[in-house]
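Here are the chains, one letter per residue:
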Amino acid sequence: MNVLLFTLLVGLGSLSAGFLGALTGLGGGVVLVPLLALVFKVDIRYAIGASLVSVIATSSGAAAAYVKEGFSNIRIGMFLEIATTLGALLGAFLALKVPTPAIAIIFGLMLLYSAYLSGRPQTVIAENDEPDPLATRLRMNSTYPSADGPRTYCPRRVTAGFSLMFGAGTLSGLLGIGSGAVKVLAMDQAMKIPFKVSTTTSNFMIGVTAAASAGVYLNRGYIDPGLAMPVMLGVLAGSLLGTRVLVKARTRSLRLVFSLVIALLGLEMIYKGIVGGI
Amino acid sequence: MKATTEWTDRRVEDVIGNLLRAGVLLSALVVWSGAVIYLIRHRHDPADYRVFHGEPTDLRHIHGILHDSIALHGRGIIQLGLLLLIATPIARVAFSVFGFAEERDWMYVGFTLIVLLILLYSLGWSS
Chain A
3 MNVLLFTLLV GLGSLSAGFL GALTGLGGGV VLVPLLALVF KVDIRYAIGA
53 SLVSVIATSS GAAAAYVKEG FSNIRIGMFL EIATTLGALL GAFLALKVPT
103 PAIAIIFGLM LLYSAYLSGR PQTVIAENDE PDPLATRLRM NSTYPSADGP
153 RTYCPRRVTA GFSLMFGAGT LSGLLGIGSG AVKVLAMDQA MKIPFKVSTT
203 TSNFMIGVTA AASAGVYLNR GYIDPGLAMP VMLGVLAGSL LGTRVLVKAR
253 TRSLRLVFSL VIALLGLEMI YKGIVGGI
Chain B
27 MKATTEWTDR RVEDVIGNLL RAGVLLSALV VWSGAVIYLI RHRHDPADYR
77 VFHGEPTDLR HIHGILHDSI ALHGRGIIQL GLLLLIATPI ARVAFSVFGF
127 AEERDWMYVG FTLIVLLILL YSLGWSS
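Chains A and B are the protein sequences, given in the same order.
Take 3 as the starting number for the first sequence in the numbering used here and just add one per residue.
Take 27 as the starting number for the second sequence in the numbering used here and just add one per residue.
Derived from the structure by calculation, the hints contain no laboratory data.
All C-beta atoms, glycine included, are put in the ideal place defined by N, C-alpha and C.
Any given hint could be a false lead.
Simulated restraints, written as ranges between beta carbons of each label pair [what the hints assert, rightly or not]:
#1 B:66 <-> A:14: 16 to 24 Å
#2 B:55 <-> A:246: 43 to 51 Å
#3 B:67 <-> A:258: 41 to 49 Å
#4 A:154 <-> B:97: 23 to 31 Å
#5 B:132 <-> A:266: 18 to 26 Å
#6 B:97 <-> A:145: 29 to 37 Å
Some residues of chain A that are not near chain B, with every Cβ distance over 10 Å (derived) [stated by the list, open to error]:
#7 61
#8 62
#9 76
#10 83
#11 120
#12 154
#13 221
#14 273
Here are some of the chain A residues that sit facing chain B, going by a computed Cβ distance under 8 Å [unchecked claim]:
#15 69
#16 80
#17 217
#18 226
#19 230
#20 238
#21 278
#22 279
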């Protein structure tokens, strides 16, 4: 395949991944690496480098919109970014040591987990009557806009959330993904932050987390301009389109189909990791 | 006091939003211009990413990337755009240090400085 055709096909694939990722809220990064590795036969290290770069683009692009809406909590985000960036550095160094078949298997498990999470019904959070005193001391209590005026919330279990965030950062650095699924889990399930606040704050954090491992990746030659170019431009355009359509589309069945695709890609990654050829 | 803090928060968030949007837009434009040059010159070359060789050293370091960009190498310009993209969230964190200082929230100035140091340490690998 020549460079022109390769660039066009990868760009088109990334555009679809970004579009579906934004439409379903599952993020495009998670299908990019399997797409590049399994379909385009790209070495997983180049795939991870390109994916990491595109994650920064989509996160920053979307965060720009969310921050203005007033849902994301920049204090919670900044405090937890200490954990995610440290984790991301660790993950990037691990990526240099861990053999590629093992990375493929970990990636596959992560895909299966993401598919499982998205298939589950959204849990309704009870009123926050006992806030974590640590959250109060860290000035994390805040409000978010709702139909009947601003509503207050007080995070719980800050330490548990912080530890989970370290894990999310490590996965992000190791696999070149945003690991939004783990970030939302930490804020949603452990810290009991309202869903809209946790998803937008997670998106806000993803770019910074990815930037923490990008320096190491660049230095080790994982980021190839010829590959990262169509991936970054494609995913960015796709996700911008996706957020435009999001308001009008009914996404429930699409979400189900997409999580099924993610699960299948996960199984394929694990299989390839075990039998070799990745 | 409360109202002032909220107002400042709001303003800081506005600036952060604009900063992120400008950074992404600028880097996409630079990547796009590099792509045009790269595709014109190399469109018939074979594309093969099956085997990992790692990038040549000039595309791994800020100095080399700048050097290649000035020489109008397509791959160098794309890499410069990607570097701008990586710098965007870092600039966001740097601005937050200023924003929290403006609100005299020294605890968060401290937290933000820690994050900034970690980011600069990582980027220092490619200088």
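Task: Supplied distance hint 41 to 49 Å, evaluated on CB atoms of residue 67 of chain B and residue 258 of chain A - done: Cβ of residue 67 of chain B to Cβ of residue 258 of chain A: about 45 Å, so the range 41 to 49 Å holds.
TODO: Starting from the range 23 to 31 Å, see whether the pair residue 154 of chain A and residue 97 of chain B falls in it by beta-carbon distance.
DONE: 57 Å, violated
Open item on the list: Between the beta carbons of residue 132 of chain B and residue 266 of chain A, is the distance compatible with 18 to 26 Å?
Closed with: 51 Å, violated
TODO: For the hint on residue 69 of chain A, just tell me whether its beta-carbon gets within less than 8 Å of chain B.
DONE: 4 Å, holds
TODO: Against chain B, run the beta carbon of residue 279 of chain A and see if the smallest gap drops under 8 Å.
DONE: For residue 279 of chain A, the interface hint is violated, since the closest Cβ of chain B sits about 11 Å away, which is over 8 Å.
- [ ] Mind verifying the non-interface call on residue 221 of chain A? Its CB should be farther than 10 Å from each CB in chain B.
- [x] 4 Å, violated
Task: Agreement of hint residue 230 of chain A with chain B interface, Cβ distance less than 8 Å - done: 6 Å, holds
TODO: Hold the hint about residue 278 of chain A up to the distance rule: shortest CB distance to chain B must be less than 8 Å.
DONE: 14 Å, violated
Task: Exclusion check [residue 154 of chain A not at the chain B interface, CB over 10 Å] - done: 13 Å, holds
Open item on the list: If we take the beta carbon of residue 120 of chain A, is the closest beta carbon in chain B still more than 10 Å away?
Closed with: 26 Å, holds
Task: Distal placement of residue 61 of chain A relative to chain B, Cβ over 10 Å - done: 8 Å, violated
Open item on the list: Given residue 217 of chain A as an interface hint, is its Cβ closer than 8 Å to any Cβ of chain B?
Closed with: 4 Å, holds
Checked against the numbered hints above, the structure violates hints 2, 4, 5, 6, 7, 8, 9, 10, 13, 21 and 22; every other hint is satisfied.
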